[in-house]
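Protein chains: 2
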Amino acid sequence: MEDEMTQSFNTDQHNLWVKRLRIKMEPPSLKDNTGDADRLARAIKKELGTEKIIIPYSLIGSLPHRLRDLHYDCSVAIYEYGHTWNTIDIFSPDVGDRAHGIAMDLGSSTVVARLVVLTEAKVLEEISFRNPQVELGADILTRIHHAAQPGGLKELNGILIREINQQIARLCVEQNVNPDEIVASCVAGNTTMTHFFLNLDPYWICREPYIPVINTPGVVEAGALGLGINPRAPVFVFPNVGSYFGGDLIAGIISSGMARNDDISLLVDVGTNAEVVIGCRDWLMGCAGAAGPALEGGVAAMGMMAGPGAIDRIEIDPATSTIKYHTIDEKPPEGICGSGFIDLVAQLYLAGMVDMRGKFVASRCGSRLIHVDGLPHLVVVEAEESATGQPIMVSQPDIDSLLRSKAAMYTILTTLTKTVGIGFADISRFYVAGTFGSYINPRSAITIGMLPDLPLEKYQVLGNTSLEGVTLALSSKDTRDQATRVRDQITYLELNVNQEFMNLFSAAKFIPHTDPSLFPSVPPPVSQ
Amino acid sequence: MEDEMTQSFNTDQHNLWVKRLRIKMEPPSLKDNTGDADRLARAIKKELGTEKIIIPYSLIGSLPHRLRDLHYDCSVAIYEYGHTWNTIDIFSPDVGDRAHGIAMDLGSSTVVARLVVLTEAKVLEEISFRNPQVELGADILTRIHHAAQPGGLKELNGILIREINQQIARLCVEQNVNPDEIVASCVAGNTTMTHFFLNLDPYWICREPYIPVINTPGVVEAGALGLGINPRAPVFVFPNVGSYFGGDLIAGIISSGMARNDDISLLVDVGTNAEVVIGCRDWLMGCAGAAGPALEGGVAAMGMMAGPGAIDRIEIDPATSTIKYHTIDEKPPEGICGSGFIDLVAQLYLAGMVDMRGKFVASRCGSRLIHVDGLPHLVVVEAEESATGQPIMVSQPDIDSLLRSKAAMYTILTTLTKTVGIGFADISRFYVAGTFGSYINPRSAITIGMLPDLPLEKYQVLGNTSLEGVTLALSSKDTRDQATRVRDQITYLELNVNQEFMNLFSAAKFIPHTDPSLFPSVPPPVSQ
Numbered sequence: 001m002e003d004e005m006t007q008s009f010n011t012d013q014h015n016l017w018v019k020r021l022r023i024k025m026e027p028p029s030l031k032d033n034t035g036d037a038d039r040l041a042r043a044i045k046k047e048l049g050t051e052k053i054i055i056p057y058s059l060i061g062s063l064p065h066r067l068r069d070l071h072y073d074c075s076v077a078i079y080e081y082g083h084t085w086n087t088i089d090i091f092s093p094d095v096g097d098r099a100h101g102i103a104m105d106l107g108s109s110t111v112v113a114r115l116v117v118l119t120e121a122k123v124l125e126e127i128s129f130r131n132p133q134v135e136l137g138a139d140i141l142t143r144i145h146h147a148a149q150p151g152g153l154k155e156l157n158g159i160l161i162r163e164i165n166q167q168i169a170r171l172c173v174e175q176n177v178n179p180d181e182i183v184a185s186c187v188a189g190n191t192t193m194t195h196f197f198l199n200l201d202p203y204w205i206c207r208e209p210y211i212p213v214i215n216t217p218g219v220v221e222a223g224a225l226g227l228g229i230n231p232r233a234p235v236f237v238f239p240n241v242g243s244y245f246g247g248d249l250i251a252g253i254i255s256s257g258m259a260r261n262d263d264i265s266l267l268v269d270v271g272t273n274a275e276v277v278i279g280c281r282d283w284l285m286g287c288a289g290a291a292g293p294a295l296e297g298g299v300a301a302m303g304m305m306a307g308p309g310a311i312d313r314i315e316i317d318p319a320t321s322t323i324k325y326h327t328i329d330e331k332p333p334e335g336i337c338g339s340g341f342i343d344l345v346a347q348l349y350l351a352g353m354v355d356m357r358g359k360f361v362a363s364r365c366g367s368r369l370i371h372v373d374g375l376p377h378l379v380v381v382e383a384e385e386s387a388t389g390q391p392i393m394v395s396q397p398d399i400d401s402l403l404r405s406k407a408a409m410y411t412i413l414t415t416l417t418k419t420v421g422i423g424f425a426d427i428s429r430f431y432v433a434g435t436f437g438s439y440i441n442p443r444s445a446i447t448i449g450m451l452p453d454l455p456l457e458k459y460q461v462l463g464n465t466s467l468e469g470v471t472l473a474l475s476s477k478d479t480r481d482q483a484t485r486v487r488d489q490i491t492y493l494e495l496n497v498n499q500e501f502m503n504l505f506s507a508a509k510f511i512p513h514t515d516p517s518l519f520p521s522v523p524p525p526v527s528q
Numbered sequence: 001m002e003d004e005m006t007q008s009f010n011t012d013q014h015n016l017w018v019k020r021l022r023i024k025m026e027p028p029s030l031k032d033n034t035g036d037a038d039r040l041a042r043a044i045k046k047e048l049g050t051e052k053i054i055i056p057y058s059l060i061g062s063l064p065h066r067l068r069d070l071h072y073d074c075s076v077a078i079y080e081y082g083h084t085w086n087t088i089d090i091f092s093p094d095v096g097d098r099a100h101g102i103a104m105d106l107g108s109s110t111v112v113a114r115l116v117v118l119t120e121a122k123v124l125e126e127i128s129f130r131n132p133q134v135e136l137g138a139d140i141l142t143r144i145h146h147a148a149q150p151g152g153l154k155e156l157n158g159i160l161i162r163e164i165n166q167q168i169a170r171l172c173v174e175q176n177v178n179p180d181e182i183v184a185s186c187v188a189g190n191t192t193m194t195h196f197f198l199n200l201d202p203y204w205i206c207r208e209p210y211i212p213v214i215n216t217p218g219v220v221e222a223g224a225l226g227l228g229i230n231p232r233a234p235v236f237v238f239p240n241v242g243s244y245f246g247g248d249l250i251a252g253i254i255s256s257g258m259a260r261n262d263d264i265s266l267l268v269d270v271g272t273n274a275e276v277v278i279g280c281r282d283w284l285m286g287c288a289g290a291a292g293p294a295l296e297g298g299v300a301a302m303g304m305m306a307g308p309g310a311i312d313r314i315e316i317d318p319a320t321s322t323i324k325y326h327t328i329d330e331k332p333p334e335g336i337c338g339s340g341f342i343d344l345v346a347q348l349y350l351a352g353m354v355d356m357r358g359k360f361v362a363s364r365c366g367s368r369l370i371h372v373d374g375l376p377h378l379v380v381v382e383a384e385e386s387a388t389g390q391p392i393m394v395s396q397p398d399i400d401s402l403l404r405s406k407a408a409m410y411t412i413l414t415t416l417t418k419t420v421g422i423g424f425a426d427i428s429r430f431y432v433a434g435t436f437g438s439y440i441n442p443r444s445a446i447t448i449g450m451l452p453d454l455p456l457e458k459y460q461v462l463g464n465t466s467l468e469g470v471t472l473a474l475s476s477k478d479t480r481d482q483a484t485r486v487r488d489q490i491t492y493l494e495l496n497v498n499q500e501f502m503n504l505f506s507a508a509k510f511i512p513h514t515d516p517s518l519f520p521s522v523p524p525p526v527s528q
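Line by line, the protein sequences are chains A and B.
291 is the number that the working numbering gives to position 291 of the first sequence; each next residue is one higher, with no gaps.
277 is the number that the working numbering gives to position 277 of the second sequence; each next residue is one higher, with no gaps.
Check each hint, because a few of them may be wrong.
The list cannot tell twin chains apart, which means a pair is met if one copy fits it or any two copies do.
Calculated pairs, PhoX-like style, for lysine-lysine (alpha carbon to alpha carbon, straight line, at most 25 Å) [what the hints assert, rightly or not]:
{"hint": "1", "residue 1": "LYS122", "residue 2": "LYS477"}
{"hint": "2", "residue 1": "LYS45", "residue 2": "LYS477"}
{"hint": "3", "residue 1": "LYS52", "residue 2": "LYS477"}
{"hint": "4", "residue 1": "LYS359", "residue 2": "LYS477"}
{"hint": "5", "residue 1": "LYS31", "residue 2": "LYS418"}
{"hint": "6", "residue 1": "LYS418", "residue 2": "LYS122"}
No lab work stands behind these hints: they were computed from the structure.
Put together the whole structure using the sequences plus the hints.
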């Protein structure tokens, strides 16, 4: 099942749920006075070999003029849902038979969108842009509260949809595609983001017992959502398992292929929340827990999102304590992103510059260790080398924060595997997902004790699995329908933060762990 | 199959396509964090025993507040279409479990509407009101031309929907029903009227090859039509066979029960157009032809629509030439409606006051025969007896016009029966439908040679069969679905107005006919 992603993205015309058909009709005559809408439906039925065709009311009014203009020879866009084919629109046959779609991963800070030729399973262009809701609330909880204000939900929905529409319009201009020819969309996001997208009130999501308005939105017409594509285009919104287990993770499960594997896999989406799923084709169990913002680079003073100029890889020569770093796009360094931060702490540990507790070892750090506002800081990049003209540093609290995050992650992984009654060794494949995940170095993550000490070949770094999943679902009915099946299949484990959890968490706050036998591949710290 | 109408209108709960269900859900808890919409869908599925439940997007947003207000105990209105159940709305269980609907016959001059408790198949109130489109065009053709003007269609649609909504609002106040609790509607009309109702351009209906925009509109949501009932209420619009064979006649076929009879029946809807269907459970053939406006009382100077004060029955004593008349509601006479006009000409003929050609016989008419503007007129009611203070008269041209109409009708009936290869005697039941039809006296219609000379017991006068049909379809899925089956079953006979037709027509312009052997029950004219 390796390369599931790539394989599934081959176009199987029989598996398309959005199609373009060339439909030539006999023009009306006294011998056949069938109405225009019925004539079109009859021709589509004949072409598809099914009786279940709907010509929606909103399309009917324009048919007589357009069919006559096209001399009853047109290209029809249709979509299947619930074993019924719905007509989206008719086009001149001159525009060809490619059906375009928009795949979207709705992140709370970043939205990534792809313009896809879904009939060819081909990505024309991918763009990412800041979620404009950040202006109304940096984190999801602030936005949920904002939504509860009068007009707040409408504002949050409106600002998001407007930005998406502007970006789609830009994509269309660049790719020379008429927005009306975008005839489908698939969207995934965390549960709150999909609520904002659907203009549904997330009020109860963050209040016990944490109830979403909807788990399985299925298909909604673009027009009802105000989306700037064909108004009858189906928008498939990935289902969620609950308030804290969103459609983005379902999309990730699907793109990883784990729900089709015989062996047990584990998928972890690393972000502010650690979202973890374990299982195989027969069963799936998932849980989500707060890991803190350290892993997304949101806490460290010099932290930044992965992007040009972010330090994403670090090596330290234990002999000389020399720090070598790499930046994204090899731009002058501006800050450190999450994966760079994990590398840094792993390398500091291996070089003896921090101890098991993550505390700076002054004797090994040398002149790099300075004090700012009374707190110890390590200079990673000198001022003269940095893009900002300021030194790039990490503070002791930054490292403490990362260790709490990695401890939370490891504890969640331990709890979940214990619950299903297996050990880490039973996991045959360990998928690391998330925008952040695409830069992570599993070796470093093991070194700091964030991920279990498995053979490196078991780790597979997948990147934005949510975006991959929605892209696949655009071109494949199987994949789209699998989303709902997978959702129904998942047992959600409510993390019980009890004394046992806290004990595990405390033991995991060390590098790599209070019990080093759990991490045999990690060398003992350099003697100080 | 007698009393088909009454029988079918018994409520069969298993045959309802619009239902109200009492749905009690377990309120959300940490043990069951299912989303509100999914919780509702799950409960409905359980109650109905089917998987095919849709909670439409437009309903979802309001669910969380409302379900909590109702403590997850509500009454749900749902409807079935295409083997799927759609959720219309949720209500407080306090409002009970009656589902209300609106049945509507869209006439080009008069709209008749019924407020129905469809779950009990009970008519609460029936109202009729003038089609306000008359202001924009007295006849259908003028309106089709008006629709082709800029904004014309919107105007015709708007004036109709607004009037319907005002009338529905009035019905609701009178019957103490909240418009949101009207959760379904069934509508029939001629093809052009249903196009106006659906805001579809009838431009091509009156132009060769006479193509409607749609034959089978099926179910459209009330909100999309701007109808002032629950916006998610399904509106079933009866299908048409073509531009000149409308859903009103399909509804009539259904309410007559003829499509379920083993024997051959004939249904004639008498109006400006003579619409005729012949057949049985195995086959149906229909045709429509212009009969002229005489039969609806639209031509005679003293003609009027059936209504209070209209003379609807006339008897003449052949010995004394005394005219006895009856008016609707026994109000002072204001004019003569179609059925009264047929009675009048039949009685004038039997009394020898008109001859076989329909010409006044001066010697038998006496002082009742006067000349106005050089044309012979017969005074039916003297000025002192009439409601208007003016004498009520018919002119020679009025009678000529009626004879052309009746000749057209008889010719159409002859042509249709010849085409299917039967004689009138093979017809076991002859249904006379239409608002006009409810007042017609078959004996008189036979006397003037409008209807064939069959035993009177074969005639069944049904009244507004269209309204009966739509009313039945509101409470019965079988009936609703039968409408589409019957439509598909009908062979439409395009009337070919050729020499043979014109010969038949000329022969039929006499009273009762040039060949009196076709009308053995009609006595020869009184010798003059």
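Hint-by-hint comparison with the structure:
1. LYS122 with LYS477: within (16 Å within a copy, 45 Å between copies)
2. LYS45 with LYS477: both (19 Å within a copy, 24 Å between copies)
3. LYS52 with LYS477: Both: 17 Å inside a copy, 18 Å across copies.
4. LYS359 with LYS477: Close neither inside one copy (52 Å) nor across copies (76 Å); limit 25 Å.
5. LYS31 with LYS418: Answer is between: at 21 Å across copies they meet the 25 Å cutoff, but 73 Å inside does not.
6. LYS418 with LYS122: neither (41 Å within a copy, 63 Å between copies)
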